Amino acid sequence: MLTHDDVKTRAMQTLKWQMANGIQHVRTHVDVSDPTLTALKAMLEVKQDVAPWVDVQIVAFPQEGILSYPNGVELLEEAVRLGADVIGAIPHFEFTREYGVESLHKTFALANKYDRLIDVHCDEIDDEQSRFVETVAALAHRDGMGARVTASHTTAMHSYNGAYTSRLFRLLKMSGINFVANPLVNIHLQGRFDTYPKRRGITRVKEMLEADINVCFGHDDVFDPWYPLGTANMLQVLHMGLHVCQLMGYGQINDGLNLITTHSAKTLNLQDYGLETGRSGNLVILPAENGFDAVRRQTPARYSIRGGKVIAQTLPSQTTLFLDQPESVNFKR
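Numbering-wise (UniProt numbering), the sequence shown opens with residue 1 and increments by one.
To be clear, the hints were calculated from the coordinates, so they are not data collected in a lab.
Listed next, the in silico SDA-like pairs over lysine to any residue satisfying Cα-Cα at most 20 angstroms (straight line): (1) Lys41 <-> Thr14; (2) Lys113 <-> Gly144; (3) Lys309 <-> Asn21; (4) Lys206 <-> His158; (5) Lys8 <-> Asp224; (6) Lys106 <-> Arg131; (7) Lys16 <-> Val50; (8) Lys16 <-> Val54; (9) Lys173 <-> Ala147; (10) Lys16 <-> Asn233; (11) Lys332 <-> Phe292; (12) Lys16 <-> Ile260; (13) Lys309 <-> Thr277; (14) Lys266 <-> Glu207; (15) Lys173 <-> Glu207; (16) Lys309 <-> Trp17.
Taking CB as the label site, the calculated pair distances span: (17) Phe322 <-> Ala51: 46 to 52 angstroms; (18) His25 <-> Gln313: 17 to 23 angstroms; (19) Asp212 <-> Asp143: 18 to 24 angstroms.
Quantities reported herein were computed from a predicted structural model and do not represent experimental measurements. Where a beta carbon is used, it is the ideal one built from N, C-alpha and C, also for glycine.
Please put together the full structure from these sequences, using the hints given.
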């Protein structure tokens, strides 16, 4: 059973891992199906505790559904009143498609009422008939709030037929919504009901990039039963994502950092991001020649700088071969 202190302790440990990897902005999904909202209240405290070093966006996430769980709507709205930054939904987990669609209407209504962002766990399933992303996009287009709306996972999209996808992409482009793919977790959890061939289990990242639809990579779980191997290192996420999305051209790899930086900033609706006059000047320095080099060698962040102060530093490691004579190896070309 979750306790207030347990949530805070584990959240702080994970945030320290993230900060050590150079992360300064985090969006975390907090289950609000608990009638006591224990985790949410703890995370709201954590958000304030770490504010000098990392910006945390809290998503009110109805893990058990909005309409398929007792008092789901009321709990979601209470979470927003308490201070959640983003409103979540999980339409494919609702009892029926009709419930799923209605849950999205309620999500958008709350977002408009309280001026909040939206991040939907959307179509995270292998069922090619799970098409709630079209409702998300249509509502975002209707309300003119696409830049403030995110569809996370959308793994069912890997199973959509070409004719439907072509029509869908027109709507996605018109809506301006954002997408988050989670390579480590998606390829682990999806395809479990397949024999062979097994689908890759990740949304259509390459096609979104080609269509100029904003898409980024997320870590999702870091260290839990859904994914037990995480270290909160986004370069690991990017490395895996480039593989499974078949983005292996030099330019695709070199530009890959955008999937965990500028594209992510757009998804989080950050207003003070980037190195421009008048902005905060927060930055991460990687000991690499370019994006390609950083991804290939998985270079740890040398410095993470926030508000003009170094908040994290990783000292260079050194590998030495002892052959005819000692020789340093750094894996550079």
